[in-house]
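If you want the building blocks of each chain, they are given just below.
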Amino acid sequence: LAKTTQPISMDSYEGQEVNITCSHNNIATNDYITWYQQFPSQGPRFIIQGYKTKVTNEVASLFIPADRKSSTLSLPRVSLSDTAVYYCLVAEGAAGNKLTFGGGTRVLVKP
Amino acid sequence: GAVVSQHPSWVICKSGTSVKIECRSLDFQATTMFWYRQFPKQSLMLMATSNEGSKATYEQGVEKDKFLINHASLTLSTLTVTSAHPEDSSFYICSASTVGEQFFGPGTRLTVL
Numbered sequence: 001l002a003k004t005t006q007p008i009s010m011d012s013y014e015g016q017e018v019n020i021t022c023s024h025n026n027i028a029t030n031d032y033i034t035w036y037q038q039f040p041s042q043g044p045r046f047i048i049q050g051y052k053t054k055v056t057n058e059v060a061s062l063f064i065p066a067d068r069k070s071s072t073l074s075l076p077r078v079s080l081s082d083t084a085v086y087y088c089l090v091a092e093g094a095a096g097n098k099l100t101f102g103g104g105t106r107v108l109v110k111p
Numbered sequence: 001g002a003v004v005s006q007h008p009s010w011v012i013c014k015s016g017t018s019v020k021i022e023c024r025s026l027d028f029q030a031t032t033m034f035w036y037r038q039f040p041k042q043s044l045m046l047m048a049t050s051n052e053g054s055k056a057t058y059e060q061g062v063e064k065d066k067f068l069i070n071h072a073s074l075t076l077s078t079l080t081v082t083s084a085h086p087e088d089s090s091f092y093i094c095s096a097s098t099v100g101e102q103f104f105g106p107g108t109r110l111t112v113l
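In order, the protein sequences belong to chains B and F. Residues in the first sequence are numbered consecutively from 1, following our numbering. Residues in the second sequence are numbered consecutively from 1, following our numbering.
Honestly, the hints are just simulated from the structure, not real lab data. Keep in mind that the hints are not guaranteed to be accurate.
The following residues of chain B were derived to be distant from chain F, with all beta-carbon distances above 12 Å [to be verified]:
1. M10
2. T29
3. Q49
4. G102
To be clear about the criterion: a stretch of chain F counts as covered by chain B if any three or more of its residues have a C-beta under 8 Å from a C-beta of chain B, and this derived list gives those stretches [as the list claims (entries may be wrong)]:
5. 44-52
6. 65-76
Heads up, incomplete: computed chain F residues facing chain B, CB under 10 Å, no partners named [said to hold, decoys possible]:
7. H7
8. W10
9. Y36
10. E59
11. V62
Built from N, CA and C at the ideal position, the CB exists for glycine as well.
With these hints in hand, go ahead and build the complete structure from the sequences.
Pasting the structure below:
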């Protein structure tokens with residue numbers, strides 16, 4: 001399984017855009033990139049998944065360069081409720097296979 | 001999205017007793033369920049992969065005789081922590097997999113006194 005590296009923590013302010021970059025140099029051809037959000041004492045919640053280029057949904061965008069060795073999760077106009085830990089995962093196929101969680105990025109949104 | 005439930009949401013038990021945690025996929029059938037453990041301020045650690053009707057596959061370092069996993073149906077997997085000790089106190093999270101997606105339960109907080 002490809003190992004991921006992401007910043008330990010990030011601080012931001014309400015209304016700002018937050019970009020979290022994840023490195024996955026050993027990503028394999030069949031691997032997808034998935035991001036999860038976790039609040040304290042809750043299970044992770046799926047945010048977005050992509051294979052290449054750009055993916056956008058109602059809560060975030062995911063940017064994946066051509067070499068796929070990194071990816072950037074973009075959270076537009078964050079609010080206090082976006083304070084959470086964000087995990088970048090790489091897994092073969094879609095998210096139906098076992099996932100290896102890295103350290104995650106603790107995002108603190110300040111007023 | 002699909003819903004995964006866990007029961008109980010929290011449990012406190014005495015050292016030496018066994019505790020069973022249930023994981024249910026409420027509106028879909030899950031051929032595979034996963035069990036994770038999470039200590040405070042740490043990431044999720046995969047404990048085992050559970051497939052319906054077959055024995056679970058445990059990750060290295062996880063004692064299969066201590067953490068008994070049963071996946072009797074496509075909607076239910078159970079994790080039993082046998083002879084629990086204070087060091088087993090943790091947040092246990094399950095996930096259920098269907099075609100192309102994996103959904104996580106809300107977690108179960110286990111405290112062993």
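Open item on the list: Run through the hints listed earlier and report the numbers of any the structure violates, in increasing order.
Closed with: Of the numbered hints, 3, 4, 6, 7 and 11 do not hold.
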